[in-house]
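*Asks:* These are the residues of each chain, in order.
There are 2 protein chains.
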Amino acid sequence: MLLKNNMENPFKKIAIIGLGLIGGSIGLAVKRFSNEIHLQGFAKSDLTVKAALSRGLVSEAYLDLSQINSDIDLVILATPLSSFASIVKEISPNLKDGCVITDTGSAKSKVIIEIEDILPESVHFVPGHPIAGTEMSGPEAGFADLFDNRWCVLTPSKRTNLDKLNDVKAFWENLGAMVEIMDPEYHDKVLAITSHIPHLIAYNIVGTANDLANVNKKEVVKYSAGGFRDFTRIAASDPIMWRDIFINNSDAVLEMLDYFSNDLDKLKSAIKDNDYEYLENFFKKTRNVRKNIIEAGQDTQKVDFGRGD
Amino acid sequence: MLLKNNMENPFKKIAIIGLGLIGGSIGLAVKRFSNEIHLQGFAKSDLTVKAALSRGLVSEAYLDLSQINSDIDLVILATPLSSFASIVKEISPNLKDGCVITDTGSAKSKVIIEIEDILPESVHFVPGHPIAGTEMSGPEAGFADLFDNRWCVLTPSKRTNLDKLNDVKAFWENLGAMVEIMDPEYHDKVLAITSHIPHLIAYNIVGTANDLANVNKKEVVKYSAGGFRDFTRIAASDPIMWRDIFINNSDAVLEMLDYFSNDLDKLKSAIKDNDYEYLENFFKKTRNVRKNIIEAGQDTQKVDFGRGD
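Protein sequences appear in the order of chains A and B.
My numbering applies: residue 2 is where the first sequence begins, and numbers increase by one.
My numbering applies: residue 2 is where the second sequence begins, and numbers increase by one.
These are calculated hints, taken from the structure and not from any lab test.
Since this is a predicted model, take the numbers as computed values, not measurements.
One should not assume that every hint holds.
Listed next, the in silico EDC-like pairs over lysine to aspartate or glutamate satisfying Cα-Cα at most 16 Å (straight line) [said to hold, decoys possible]:
1. Lys269(B) with Asp252(A)
2. Lys14(A) with Asp72(A)
3. Lys218(A) with Glu296(B)
4. Lys285(A) with Asp212(B)
5. Lys269(A) with Asp259(B)
Isolated chain A, as found in the complex (with noise of 0.2 Å):
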């Protein structure tokens, strides 16, 4: 880890509104980072926020986003894409001049557009996404080092003030991560791919397993080693979040499920067919794609995929 401490902080008091494992881990990196940035936290509920005080998410929570702080420097969304729209109407006209918002929401071209159109003049949007996670969620969930070298992509629209992307850049390098500048809408295709298809192909195989009628489902827990136990993790991540990811990036969700879809098709021709020669090939064609990640260092190559412990 690399902490760039002799970088300026461009913001002295920040709001973060959701404080879930995405909203807590950003308190607790940005406490790593400085302890003079003054921290107000937001969530749904009495519970969240009891909970975030007692880890020390941030310095002060509340339910009612009317409490915001007239002179908050940066406001970050780290709740559901749905809310987003709501929040920002909600707390706008409380913002001081100059005011950033921000985001971590995993699809941005609708987003975008929706915040854009409610957004006064004087009021800054830098859209963001930090690409780091894991299945867990909740004010427990987070940690100070989450997004240690992990990319955190920002999105600019035609409306984004340059200064203000900069500092939004120097606040992520800041907890240690990596920010990358991207197109929105090529944002929402690389993470199709990357993420969401992913997702929602875990949380269909254990659907599908769930509902089996010719497999019990003891057995399917029972066996799950076998690379099951694999998507139920992924499968594990929240219910929230994710359905409101698939529908604001519906349209590069469905496109790359469609070419999922027809190569599934081939696969199954191929299975059908006994093609062993077609079967193989591919499958040496998807092993060369490991290499390349763990050669970009995006993973290890520690075997862990079927551990036992």
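Once you've looked at the hints, dock chain B against the given chain A.
*Replies:* For chain B alone, coordinates are given in the frame of chain A:
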């Protein structure tokens, strides 16, 4: 790990055919259990024979199956499924009366018919499947505790000798495994959903990502931590082994794949229709399956998905 050293050892001389991850791990686990068992090993390549001897997976190793000792008590087939019939045909004339052949194949029904069709009366076949493995393969991949507390399923046919079935059960228990007896057809359905379909869709999504025209491959690798990475691990498993599994379990695989595709169509429609309720309920249901797997001790609560190291 519970070593059952007090258990009788039914086989004094063992031949392992195939010295990859599974065959090699069997060799090491046999040696851990007892140094009084003689292990003969066979592999297709000179490189594997040399690596197996240098790692001490077996006591002696050969390329040529005709070198098999005539006093072998147990032959273990640990090669890809498509090779079983020709191996059994070749070695059977050299095996003593009462010798037992077992296997480690992930699909059972078709292979049982194939082998029993050519098996001499004097030799026994006990079909087996240790449900353990990693995404690694080859003679360097095996380790002695691979089978500890993992299931090994034995799938006797009508012709299987019950005494020999019990001997093979004791053999696997001596290696640390828990043994379950199951009907071959049912085994094939259970494995189709818990292992074969998960592998097939992992291979498929990696293939889709690799062929995309509108997203750069570099970006797929760079942002793979969002879910895709975990699929590439599964899709790095041995291509020949998996080619053979799909073709040898095509009936169950194609049946389950139809369920999977129907379920995926429903998720697709829900995304198209902005059906928040359907998606949320579906994702909550799959989250519960994860809980059951952790409660059954088939995985740990430990966060793994999305780890950044």
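*Asks:* Taking the hints in turn, state whether each one holds.
*Replies:* Here is how each hint holds up against the structure:
Of the pairs offered as hints, the one joining Lys269(B) and Asp252(A) holds, with about 11 Å between alpha carbons and a cut-off of 16 Å not exceeded. Restraint check: the Cα-Cα separation between Lys14(A) and Asp72(A) comes to about 7 Å, which is no more than 16 Å; the hinted pair holds. For the hint pairing Lys218(A) with Glu296(B), the CA-to-CA distance comes to about 14 Å; that is within 16 Å, so the pair holds. For the given pair, Lys285(A) sits about 14 Å from Asp212(B) by alpha-carbon distance, which is consistent with the 16 Å threshold.
Simply put, Lys269(A) and Asp259(B) have alpha-carbon atoms about 10 Å apart, close enough for the 16 Å limit, and the pair holds.
Violated hints for the displayed structure: none, as all numbered hints are satisfied.
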